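*Asks:* The residues making up each chain are set out below.
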Amino acid sequence: MAEFDQELDASGLNCPLPILRAKKTLNAMDAGQVLHVIATDPGSVKDFDAFSKQTGNDLMESKEDGGKFHFMIKKA
Amino acid sequence: MDEKKLAIIATKGSLDWAYPPFILASTASALGYETQIFFTFYGLQLLKKKLALEVTPLGNPGMPMPMGMDKWFPVLGLALPGMQGMMTAMMKQKMKAKGVASVDELRELCQEAEVKLIACQMTVDLFDMDQSEFIDGIEYAGAAAFFEFAGDSDICLYI
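Protein chains in written order, with the numbering used here: chain A, 1 to 76; chain B, 1 to 159.
The shape of chain A in the complex, shown without the other chains (with noise of 0.2 Å):
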């Protein structure tokens, strides 16, 4: 895995807790920096997707891993 300036672990959160504590946590980032999410709801695939799009924040990385799906997002 690449590597990340913090890591937010929202598993057992369900949708739209995971996008908004990503969103909270990049607020305080500086921009370049990059977020690892972790995250259990299966919804949380398509929400990062979407949020990075309409955000700008790109979606460098966008796995699952046994289970729990991991999201590298840089800050724009």
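No lab work stands behind these hints: they were computed from the structure.
As the structure is a computational prediction, the values presented were derived from the model and not from experiment.
Ideal placement from N, C-alpha and C gives every residue a C-beta, glycine not left out.
Be aware that one or more of the hints could be misleading.
Claimed, not checked - Straight-line C-alpha distance at most 25 Å; calculated DMTMM-like pairs for lysine to aspartate or glutamate:
1. Lys96/B to Asp9/A
2. Lys94/B to Asp9/A
3. Lys98/B to Asp47/A
4. Lys74/A to Glu112/B
5. Lys24/A to Glu112/B
As the list claims (entries may be wrong) - The calculated label-pair distances, taken between Cβ atoms and stated as ranges, are:
6. Glu7/A to Gly32/B: 22 to 32 Å
7. Gly59/B to Glu61/A: 43 to 53 Å
8. Gly85/B to Ala50/A: 34 to 44 Å
Given chain A, work out where chain B should sit, using these hints.
*Replies:* For chain B alone, coordinates are given in the frame of chain A:
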């Protein structure tokens, strides 16, 4: 990129119907929308300091009932005293188990994200409600004020 705008009218005051306005508004603001919710009639229950929202199985054939209860208690059984309280407790328990946020939590997230919450002044007067019953940080206004924002919105929802 110009900021998009979302205008929502929330008219319902039950636990299940409390979710769509707060979920959509908080998500929209995370996506960069400027968002307002106008609460009217029963929707004003969603702005009370102490939320007492319930869910009713009555007149709601689409509601999944636990343990096949709809077969044990057909329509009239659902009207029994205590049934609504029981359904509400079960719904809350299920939401908690599935990691769904509480209405209080979503409402706080909306306020944190600067979603503007507006109470319909006419309804407040109609039902003899007092402003002290409502949470802080909301505005009181009428239909014309809603249109000032909604007229420029990209999405407008009536819930």
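*Asks:* The structure should be examined with respect to each hint, and the outcome stated for every one.
*Replies:* Hint check:
1. Lys96/B to Asp9/A: Measuring from Cα to Cα gives roughly 18 Å; hence the hint holds.
2. Lys94/B to Asp9/A: Satisfied, since the Cα-Cα distance of roughly 22 Å is no more than 25 Å.
3. Lys98/B to Asp47/A: Status holds; Cα separation ~18 Å.
4. Lys74/A to Glu112/B: holds, 23 Å
5. Lys24/A to Glu112/B: holds, 10 Å
6. Glu7/A to Gly32/B: 22 to 32 Å: holds, 24 Å
7. Gly59/B to Glu61/A: 43 to 53 Å: Check passed, 47 Å falls within 43 to 53 Å.
8. Gly85/B to Ala50/A: 34 to 44 Å: At 38 Å between Cβs, range holds.
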